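Fit chain B to the supplied structure of chain A, relying on the hints for placement.
Respectively, the protein sequence lines represent chains A and B. Just so you know, we're using my numbering here: the first sequence kicks off at 1 and counts up by one. Just so you know, we're using my numbering here: the second sequence kicks off at 1001 and counts up by one.
Hint data in this document are derived by calculation from the structure and do not stem from the laboratory. Note that the coordinates shown come from a computational prediction; the quantities given were computed from them, not determined experimentally. Please note: incorrect hints may appear among the correct ones.
As the list claims (entries may be wrong) - Facing chain B, according to a computed beta carbon distance under 10 Å, are these residues of chain A, among others: (1) Thr23; (2) Gly33; (3) Ala52; (4) Asp59; (5) Val67; (6) Ala131; (7) Gln194; (8) Arg271.
Backbone N, C-alpha and C define an ideal beta-carbon position, used for all residues, glycine too.
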Amino acid sequence: MTRRRRHSDEDSNRHMPGGVSITGWILLGLVIGLAGSLYYAWVVSPVVYTDASPARFSDQFKREYIVLVSQSYALTGNWELAEQRLAALDDSALAESVAALLDEAIRSGESNLVIRNLAVMAQQLGVENTAVSRFGPGTGATVTPTPTQTPIPPESTATPTNTPRPTNTPFPTSTATSQPTPTAQPNYRLLDQQRVCDNEDAPRIEVNTLDAFLNPLPGVEVRVRWQGGEDRFYTGFKPAFGAGYGDFTMEPEVSYTVFLADGSPEISGLRVEPCDSGFDGGWQLTFQNLRFGATATPEAEE
Amino acid sequence: MTRFRILFFLLLGMTIGTGVGLTIGWIAWPTEFTDANPSVLQKAYRNDYVQMIADTYALDNDLPAAQARLNELDSNPNAILLETITDKVLADVNETDIRRLVRLAANLGISSPVMVPFISEDSS
Chain A
1 MTRRRRHSDE
11 DSNRHMPGGV
21 SITGWILLGL
31 VIGLAGSLYY
41 AWVVSPVVYT
51 DASPARFSDQ
61 FKREYIVLVS
71 QSYALTGNWE
81 LAEQRLAALD
91 DSALAESVAA
101 LLDEAIRSGE
111 SNLVIRNLAV
121 MAQQLGVENT
131 AVSRFGPGTG
141 ATVTPTPTQT
151 PIPPESTATP
161 TNTPRPTNTP
171 FPTSTATSQP
181 TPTAQPNYRL
191 LDQQRVCDNE
201 DAPRIEVNTL
211 DAFLNPLPGV
221 EVRVRWQGGE
231 DRFYTGFKPA
241 FGAGYGDFTM
251 EPEVSYTVFL
261 ADGSPEISGL
271 RVEPCDSGFD
281 GGWQLTFQNL
291 RFGATATPEA
301 EE
Chain B
1001 MTRFRILFFL
1011 LLGMTIGTGV
1021 GLTIGWIAWP
1031 TEFTDANPSV
1041 LQKAYRNDYV
1051 QMIADTYALD
1061 NDLPAAQARL
1071 NELDSNPNAI
1081 LLETITDKVL
1091 ADVNETDIRR
1101 LVRLAANLGI
1111 SSPVMVPFIS
1121 EDSS
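Only chain A is shown next, with the shape it has when bound in the complex (with noise of 0.2 Å):
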């Protein structure tokens, strides 16, 4: 009797009705609220960041983070910072996604400033392909691809008799048509623009003009203006830094508008402003004929 006794004692510990032991019933539970609080923290109410780094951005963000990075770079030329940045995005294969965002670049018909800055840091990142090699420095008036005709030298042409050499002197504006306007459909665009703070000499907004082939093109007349004055001078009339080249001196503290008479894009906002090396920086303009070929011939003053 007593044995059966302690059976029936133990049975009643061991097992509820149903079968189920008390640990089994613990355990039931344990799944359940398991189950129900994983869900509830991963899904209801998950944990929010305030604190994210770019590491965190969506790929959207994170393609338009390296953009504004490439942008500033050129801008400074600060490489450690720009490297200090897109570590940040803690990309393993960072250049690879530089690579891909400039090609999406060029697809999607990106500025070509846009695209150059791009370029660039692509290279620095030691990315090697056909569109770095195309929009990266040391392009542009570099690259030459088969025209049908060989750009003439600014020493063939002579140099124009009645060109003055280019002058801080205001330009006349007593004829109402005097002023220039742009055209809706320019002749030239600008390809590029970027900073200049590689010497000591005073600052200065250096333009090269090149035909649609991106050979040098020379006597092209380009305007400058400022509030209160304006000037021009012509491309070619310094060989030695290229064919399609001039410049004109900034002075500091003025804001300089520039574009060329035959029809570009206005580039305003220019500015003298100091770079990290230490000396005042100015800037440099490369614009692309869109119309022709051939080299056009320095053109008489008016």
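Quick look at chain B alone, frame taken from chain A:
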């Protein structure tokens, strides 16, 4: 009593399971937040992001694009821009960087005493 004991052990298990689940879901293995936008950036990264927007504006003079990028940072982007300028002025960073920020702010119609020493006569 039996049903009470069932309920008791069930609730005990659920309590333990809930505690373990929340610890795992919020602390040990929280959701990987990988679709962030600039508005959730840590302050140091955010200030740097604003600086790059100002640098880009200095390069391309595209004010609408700069405004659109600032709008992604906060519902009050002007306040963010001003805060970045103030932080940089107080930190005595490169004046060139500050001038670019101030130029952007001025062209967006923002004005503040902290900007005055860095505003050029021709703000265009």
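A/Ala52 as chain B interface residue, shortest Cβ-Cβ below 10 Å = Result: holds, 5 Å to nearest chain B Cβ.
Hint check: 10 Å Cβ-Cβ cutoff, A/Gly33 to chain B = This interface hint holds because 3 Å falls under the 10 Å limit.
Grab the minimum C-beta distance from A/Val67 to chain B and call the hint holds if it beats 10 Å, violated otherwise.
-> A/Val67 check passes; min Cβ-Cβ to chain B is 8 Å, inside 10 Å.
Interface hint compliance - A/Ala131 to chain B, C-beta minimum distance less than 10 Å = This hint is violated: A/Ala131 lies away from chain B, its Cβ roughly 20 Å from the closest one there, beyond 10 Å.
Under the criterion of a CB-CB separation shorter than 10 Å, is A/Arg271 in contact with chain B as hinted?
-> holds (8 Å)
Hint validity - A/Asp59 Cβ closer than 10 Å to any chain B Cβ | holds (8 Å)
Quick one, is the A/Thr23 hint okay against chain B at 10 Å, beta carbons?
-> holds (9 Å)
Against chain B, run the beta carbon of A/Gln194 and see if the smallest gap drops under 10 Å.
-> Status holds, d = 8 Å.
Violated hints amount to a single one, hint 6; each of the other numbered hints is respected by the structure.
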